[in-house]
Amino acid sequence: MLSFVPKPIMRIALLALVVLGFLLPNLVEPYTIRVAATILVFTVFATGLNLILGFGGLLSFGHAAMFGAGAYIAARLMLDTGMSLALVIVCSVLGTAVFGLLVGITSWRVGGDYLALITLGAGQIFYLYLNNAKEVTGGATGLPGIPPGVFFGWDLTAIENTYLFILGATIVATAFAWLIGKSFLGRSLLAIREDEVIARAHGINVPLTKVIVFGIGAGIAGLAGVLQVLLLGFVGPASFTVDQSILAVEIVLIGGMATTLGPFLGSILVIGSTEYLRSLADYRSMIFGALMVLILLWKPGGLVQILGLGETRASKATSLSALLAKLRRSGTPPSRHSAHAEPVTEEARP
Amino acid sequence: MEFLQQVTNGLTIGSVYALVAIGFSVVYGALGLVNFAHGDILMAGTFVTYGVYTSFHLPIVISCVIGILAGIVIAGIVEEVAVRPVLKSHLLIPMMTTLGMGLIIRNLVELKYGSGTLPFPSFAGSGFFHIGDLQIARAAVVTLVVAVITLVLFAAFLKFTKPGFAIRVVAQDMTAARLMGVPVNRTIMAVYGAGGALGVIGGLLYANTLEVVYLGMGFPILLKGFAAAIVGGIGNLQGALIGGLVLGILEATVGPAAGSYRDAIAFVLLIAILLVRPAGLLGARVQERV
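Just so you know, the protein sequences line up as chains A and B, in that order.
Under our numbering, think of the first position of the first sequence as 1, with each following residue one higher.
Under our numbering, think of the first position of the second sequence as 1, with each following residue one higher.
Fair warning: there could be bad hints in the mix.
Unchecked claim - Simulated pairs of lysine-lysine, DSBU-like, Cα-Cα distance not exceeding 35 angstroms:
1) B:Lys-88 with A:Lys-182
2) A:Lys-7 with A:Lys-299
3) B:Lys-88 with B:Lys-159
4) A:Lys-182 with A:Lys-299
5) A:Lys-134 with A:Lys-7
6) A:Lys-299 with B:Lys-88
7) B:Lys-162 with B:Lys-88
8) B:Lys-162 with A:Lys-299
Unchecked claim - FRET-style restraints, in silico, Cβ to Cβ:
9) A:Val-197 with B:Val-61: 37 to 43 angstroms
10) B:Phe-128 with A:Ala-238: 37 to 43 angstroms
11) A:Arg-11 with B:Ser-55: 32 to 38 angstroms
12) A:Gly-203 with B:Ala-258: 16 to 22 angstroms
Simulated from the structure, these hints should not be mistaken for lab results.
The structure displayed is predicted, hence computed values, not measured ones.
A virtual CB, placed ideally from N, CA and C, is assigned to each residue, including glycine.
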């Protein structure tokens, strides 16, 4: 849609967007700032998943557990110790990354679809743990009254400051993910996503790469967890259900898999519409479900592709020949019902 | 004796898991695809039974049949809309499109019935049978009997009928099946329909045992079904049956000791099996051909 705009102008527009982001607290009322901060938290959350799902093609349904691990580690540290915020962030991110590596190690022996089930199981076990280990996690009520952080003398009590801090963290996380995508690791992941066997034949250590990306993606989700704690001053198990994992998958898909801006655009649409279109709340999951299916069928690059922002590296959902075959089938209905007239152009999926 | 009682209870819930696992496995075995809408399909079918029974006052058996038919139709729609167009693309894509379809189905049911827990008309009646000291609920007996009959019928369908034969052929080699004149598209639809029907039967038995239906019932049963299917070797139908029973018995015997972590048994089992023996207890060694 916007692909006719020259690249330099797009870059200036992006810069203007970032500047606008920093000026936002002076322009709008606190409610909008809070919504914007939520959108950014979910951008970071989805950025972590985008590395795993978008680049690596590894379906993780336990990403909310990583988010939750980061949030609970941060909450415990801030409640029990007087650690500085910077140290809390380092501990949470590293702790979550280790957790992610442990989950990722399970991908050593099993492939994509099994991994979805393992992560689903791991997420459920984590959720049960959150609800039952009352002395550590506060059980179903969670941990309220977490003190606001102080980042190198910068007091984050005011929502404006929290927002600015989250904005900064989002930019860092997005830039980090962009660098990863450009790096050898990112290219290896894309190769693994497209064909594991060929990737292995080209000397890529497939299992190790998968485990590493799980760790990195989990670390970024852990950062999102810390930001969530800073924003809400509270953690509870309800924020880390499997529905949240599915929400993250939705954000990544709708925004655009394996793109830099995808998670941001996706969470603007998904989280923003949840906040502002409350009249549609009853139809929400239907709309996003349909959007997910449509995007996967026609525009695998998501919003980034639809808006024409930059290259998309999403796996091609519908190849041209399959599309033609589909059109041909719908054009001549009888051929669908007789086996013999069916064109033999389609190959079975290997 | 108490142990025997628990094993009996385990067999009952295990046979529900087995039905759901087989519905899921038949799709996986034929196409190599995980159907994430399976839980929502079985939930929707159970709700159709509930709706037909409460609003038209049909006999419960006929309501159940209508619910099962609805499950077949919904599964067919999911296949046509979300699976067939992306059958040849990356493994990930059909998984996520079925997930999206599941969200749509759940939302539609929620719009009609809300997210509360509704009383399900038990078709087994209450009361207990006594065998020695063993006490078996009527619902449990009905569950076991229906599950066994369904599984035998389904095995016969696969073994002796033409569509069943086509399913086995497609599972072995889709391209060869197409070349031999097997109507592959129709067969894939039959696979999904059969999966949907088995799922709804499982859902109905589950609802009958608990005497409730609720919006979220699909997901936990689906997870247990996944676990059962994997324990037995995913795509392996006998394996799914044994996996379901093993899971049910484990939950009933180990469950009380695990306390509030009872639901974690299935997932721990799932992860352990995948780590130690990815092909499942009964599965053959999987070798990837290039």
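Checklist line | Violated hints, by number in ascending order, as checked against the structure | finding: Hint check: 5, 8, 9, 11, 12 fail, others pass.
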